[in-house]
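Chemist: Protein chains in written order, with my numbering: chain A, 1 to 225; chain B, 226 to 612.
Since the hints were derived computationally from the structure, they do not count as laboratory data. Each residue gets a CB set at the ideal place from its N, CA and C atoms; glycine is no exception. Watch out, some of these pointers could steer you wrong.
[What the hints assert, rightly or not] Simulated restraints on C-beta separations:
| hint | chain 1 | residue 1 | chain 2 | residue 2 | range |
| --- | --- | --- | --- | --- | --- |
| 1 | B | Ala503 | A | Pro43 | 51 to 61 Å |
| 2 | A | Asp163 | B | Pro229 | 19 to 29 Å |
| 3 | A | Lys140 | B | Ala507 | 34 to 44 Å |
| 4 | A | Ala33 | B | Ala507 | 38 to 48 Å |
| 5 | B | Ile587 | A | Lys144 | 12 to 22 Å |
| 6 | A | Asn63 | B | Ala227 | 10 to 20 Å |
| 7 | B | Thr555 | A | Pro100 | 47 to 57 Å |
| 8 | A | Pro43 | B | Trp241 | 43 to 53 Å |
| 9 | B | Leu485 | A | Ser44 | 54 to 64 Å |
[Unchecked claim] Below are the DSS-like pairs computed for lysine-lysine, each with C-alpha atoms no more than 27 Å apart in a straight line:
| hint | chain 1 | residue 1 | chain 2 | residue 2 |
| --- | --- | --- | --- | --- |
| 10 | B | Lys576 | B | Lys470 |
| 11 | A | Lys144 | B | Lys270 |
| 12 | A | Lys75 | B | Lys610 |
[Stated by the list, open to error] Just so you have them, the derived chain A footprint on chain B, three or more residues with Cβ under 8 Å:
| hint | segment |
| --- | --- |
| 13 | 230 to 237 |
| 14 | 352 to 364 |
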Amino acid sequence: MSANIVTIRNLSKIYQQGDINVTALDNISLDIASGEFLALMGPSGSGKSTLLHIIAGIDRPTNGECRVQDIDVAKLNESQLADWRNQNVGFVFQTFNLIPVLTAYENVELPLLLTRMNRAERRKQVEIALEIVGLADRAKHLPKQLSGGQEQRVAIARALVTDPALVVADEPTGNLDSHSAQEVLGVLRTLSRDAGKTVIMVTHDPKAAAFGSRQIHLEKGELSK
Amino acid sequence: MALPLNYSFRNALVRWRSTIATVLGIALVVFVFVLLQSLAAGIEKSSSNTGDPRNIMVVRKGSTAESASLISRQTLTEIRYFEEIARNENGEPIISADVLVLASLPRRDNSGEANVLLRGVTARGMELRPQVKLAAGRWFEAGKREIVVSAKLAKRFANFGIGQSFKTGSATFTVVGWLDGGGSAFDSECWLDADECRSTFERDMYSSFLIRPTDEAAGEKLITRIEADRRFKLKAEKEVEYYRKQTMTAAPIKWLGGFLAVMMSVGAVFAAMNTMYAAVGARTREIGTLRVLGFRRRAVVAALLLEGGLLALVGGVLGCAIAFYWNGYTTATMGMETFSEIVFEFRVTPKLVLEGLAFAVIVGLIGTLFPAIRAARLPVISALKSI
Ligand SMILES: Nc1ncnc2c1ncn2[C@@H]1O[C@H](COP(=O)(O)OP(=O)(O)OP(=O)(O)O)[C@@H](O)[C@H]1O
Ligand SMILES: [Mg+2]
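One chain only, chain A, in its complex shape:
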């Protein structure tokens, strides 16, 4: 296995809107090393989210290839992709996206329901994940009973509970005050540093980007220095 967990070659994404073609990503090549905490920056509309979605197997490129752990993600069919995401990628969204009717514990447990783990095994994993984000005591709370920062940490616990190699976060601190943001960024950094996970984080905020081990910039769909 290569030391690079993500290998992107000549990747383009073009959205067709009627007669107009919107080039969201323009011939991008990029390597991401295993264990890296990559901060992906750039102005609004530069294609950050699009790139993240393609790496994470939520979206498909128009041209080029994106290999994650030597798998060409675009070649997987819909259900293979669903399984692949479940096992290999953890997601953190700007808007947290917890399921409002489920408790913190149940939210974190969700991805494990798709594995072969039994109830006891799942319990153990969920407890570890909540412990890592420092919310073991909030397991029984519903999302609406948590602060924004706590919600996002539950979301991170949900992202890491399946022990994926890759964690992607799209502006995870975009909806948080600076104190909560610090906590969330701290957790993400720990994941890459201590747990050896590869973290890719989209952010507008240079202070947030500073937590990363590397920063890259997108400009109108192209990588800039």
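Use these hints to put chain B with the ligands onto chain A, whose structure you have.
Modeler: This is chain B with the ligands only, laid out in the frame that chain A set:
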């Protein structure tokens, strides 16, 4: 591979207002369905419980109802000793010559008079109808102007209490007992002694014969023999057959019940669909998130169907519960042939309850299917971007 039950259950609870509306709508449909079918079931029970498959019923050819049939006394004398007719321990032929009379009597609630069927019956006739039991009081004694009325009619007619008396024909009868026809057509009759009935109402003729033949084959022979004899002009058939044709058919009510249920269920399906479209629309991003986590389209569809099915089931249980309140409730209608009061009860059978519940769930599932499929069809990426 499935989403937890809790997910469907709590989502239904969270938007409790629309949930209650949907549940009530489905409950109403199921209630109407079960109630009308229970009425049909009561009517069917009344016709099925009336005849004994061994008995042969004889009326005049061409008469539509027992009460409109006239058979001469001479005919009785001739038929009585046919060897196909069974004998009791005393060697008497088991044949009952009944006299039926329609009496117009006042209703209990002062809402005027209605026809009641009075049956002049013999001891043999009572033996031949063992499903008719005494519910209260005692049986009538001949020659004392005594009468036993149906317990169900007693609730509907004035002076039908035990010990009370009423005037009809040329005499005043005292009610000495209540009979229980066990849901049969006899629940709509009053019984008195046959000879007394003939004299009081000045009838020289009988209305019908009820006969127990020695066996099945003898019964067939008897029917042919009676029908073939030109002098008699009689119609003979099995008692069950006679009542099957005679008792009001439940078909129109079943049909009406089915029709109403279908019409209303279309409404209920749309109501459920509306609720679920709204529910799913508000949860588009949530569904996108579930898909990102690795849940398949069918897991999402299943969870939503479960949610819709659950609502419908609660509605179904409620509808059945309300319908069950009427279980055993007696109602009456006018017989088409005799214009006499015919009583029967709502019968909410276990089968009907199951049908009602299944009906509710089907309504719920159909109403949920399209919203669920629409939600699952949405590409993950667009679902995620929805607010
Ligand atoms: N579904 C779509 N259809 C058409 N154009 C799209 C679609 N999704 C994204 N785009 C376009 O692609 C470009 C890149 O979008 P993207 O969401 O990746 O930007 P971004 O860098 O994440 O921006 P932001 O910082 O505002 O989130 C934009 O010009 C956007 O309008
Ligand atoms: Mg974005």
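Chemist: Could you run down the list of hints and mark each one as holding or not?
Modeler: Status of each hint after checking the structure:
1. Ala503(B) - Pro43(A): 51 to 61 Å: 37 Å, violated
2. Asp163(A) - Pro229(B): 19 to 29 Å: 21 Å, holds
3. Lys140(A) - Ala507(B): 34 to 44 Å: 25 Å, violated
4. Ala33(A) - Ala507(B): 38 to 48 Å: 41 Å, holds
5. Ile587(B) - Lys144(A): 12 to 22 Å: Since Ile587(B) and Lys144(A) have Cβ atoms about 35 Å apart, the given range 12 to 22 Å is violated.
6. Asn63(A) - Ala227(B): 10 to 20 Å: 37 Å, violated
7. Thr555(B) - Pro100(A): 47 to 57 Å: Cβ of Thr555(B) to Cβ of Pro100(A): about 51 Å, so the range 47 to 57 Å holds.
8. Pro43(A) - Trp241(B): 43 to 53 Å: 45 Å, holds
9. Leu485(B) - Ser44(A): 54 to 64 Å: Cβ of Leu485(B) to Cβ of Ser44(A): about 58 Å, so the range 54 to 64 Å holds.
10. Lys576(B) - Lys470(B): Holds: Lys576(B) and Lys470(B) sit about 25 Å apart, inside 27 Å.
11. Lys144(A) - Lys270(B): Measuring from Cα to Cα gives roughly 57 Å; hence the hint is violated.
12. Lys75(A) - Lys610(B): Holds: Lys75(A) and Lys610(B) sit about 24 Å apart, inside 27 Å.
13. 230 to 237: holds (count 4)
14. 352 to 364: violated (count 0)
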